Amino acid sequence: MSAYMVDKFIRAVELGDATVVEYVADPPAFVERWLAGGGTPDGPTDDRVLTEAERAAFAARDFGALYALGAHPYLLWHFTEAVYEHEYTEGFGWRELVERYRAAVAPQGLVDYIP
Amino acid sequence: MAELVLAAVTPHNPLLWRAMTDPVPDDLRPIAANFARIREAVASHEVDVLVVIGTDHLRQFFYDNSPAFAIGKADAYHGTWENEVRTFGMEYAEVVGHRELADRIAGRSVQPDAIDFSVSLEWRLDHAFVIPLQYVRPELDIPVVPIHANASMPPVPSVRRFVALGEHLRRSIDDWDADARVGILTSGHMANDVGGPRTFAGSPDPEFDALAAGWMRDGDLDGAIRVCSDVDRLTAAGSMTSQFLNAVAALAAMGGRAADFVDVPESRFSTSPFFLWSTR
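Same order as they appear, the protein sequences are chains B and E.
Residues in the first sequence are numbered consecutively from 1, following this note's numbering.
Residues in the second sequence are numbered consecutively from 1001, following this note's numbering.
To be clear, the hints were calculated from the coordinates, so they are not data collected in a lab.
Quick caveat, the model's predicted, so the values are computed rather than measured.
From the three backbone atoms N, C-alpha and C, an ideal C-beta is built for every residue, glycine too.
A few of these clues could be false.
Derived coverage of chain B by chain E (criterion: at least 3 residues anywhere in the stretch with Cβ under 8 Å from a Cβ of chain E; other residues may be distant) [as the list claims (entries may be wrong)]:
(1) 6-19
(2) 108-115
Okay, the calculated bits of chain B under chain E, using three or more residues with CB under 8 Å as the criterion [stated by the list, open to error]:
(3) 77-89
(4) 98-104
Residues of chain B clear of chain E, computed beta-carbon distances all greater than 12 Å [as the list claims (entries may be wrong)]:
(5) P28
(6) A29
(7) G37
(8) T40
(9) A56
(10) A59
(11) A60
(12) F92
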């Protein structure tokens, strides 16, 4: 179930422009707000649970840790690109982001990300 | 009677949308030329309706409800998503559906033998559908039947289900009592590792790419089934390589015959698949 929640959180951020901006402005606060939302007993199912390790990884935008936690690689890369957009466009550049991402995930090899 | 007049496989790499603009960079020229070839084929074959097989990338479909194969039965579709406009610079698109053929394929009149379809009447198509359509039919004026094949959320269906998909499409079209010229447009990948350890480092598995191009060049459906049945082999070739299975569906739809055109150019991106079966 945990990898599912990691992917669900990533989508909650990455699918929309406004949510990317809100998350990047204050990742820990966004995590807490997201966890406080969700379904009601009589509404559609919308469970939201993150472990301590997952909360910490999202609070720190730590893509290497999220890869280890079973994030879907496709989602994780595009999440990374979205939430570091400010840094790479105005700072170290897109190619450097790719290099940092690969350096973080490559030593881990293939991680089973089936939720 | 209806006729399956053409099948094509193209990449749907959304990074092309920004990179492959005039003046087209040298390494992308073969890709632009191949898209032009297929665009001309769709026009010269006078295609009336396009069955578009693609794989949604966890936009419309997610692990909360993930169909193996889903057919669009909507009258119209919105194209691309906010995050794809942001990330890839794509443009929103509106595409017309083809309810009669969708109904037919989904089992209203042709019961599938070896595959069961989900249906969707409300679907925002992602780049796997929009990018190929925008390159091979920029007018977006041919009605489509989109089919999502889950090759993005493992475990994915076996290669034999993709073969069954192609064979079912062939039968559904051949038996259709309509004056319609049908094309199949399939998009997918060769070896591709988005977000994995070999992301953005060219092809993660040139050996797989060579094998895969050979199956299309030689009409070797058995070879494709043999290798792609090995899930570990597909996984080892990259996180998104299973989207090559969409091309196997096209090969099966064309009776396993060799493609009339095969080109798999290398570029700054992973290898780009272009396969075309034509009748003119």
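How the hints compare with the structure:
no. : hint    : verdict
1   : 6-19    : holds (count 7)
2   : 108-115 : holds (count 6)
3   : 77-89   : holds (count 4)
4   : 98-104  : holds (count 3)
5   : P28     : holds (22 Å)
6   : A29     : holds (22 Å)
7   : G37     : holds (16 Å)
8   : T40     : holds (17 Å)
9   : A56     : holds (21 Å)
10  : A59     : holds (21 Å)
11  : A60     : holds (19 Å)
12  : F92     : holds (15 Å)
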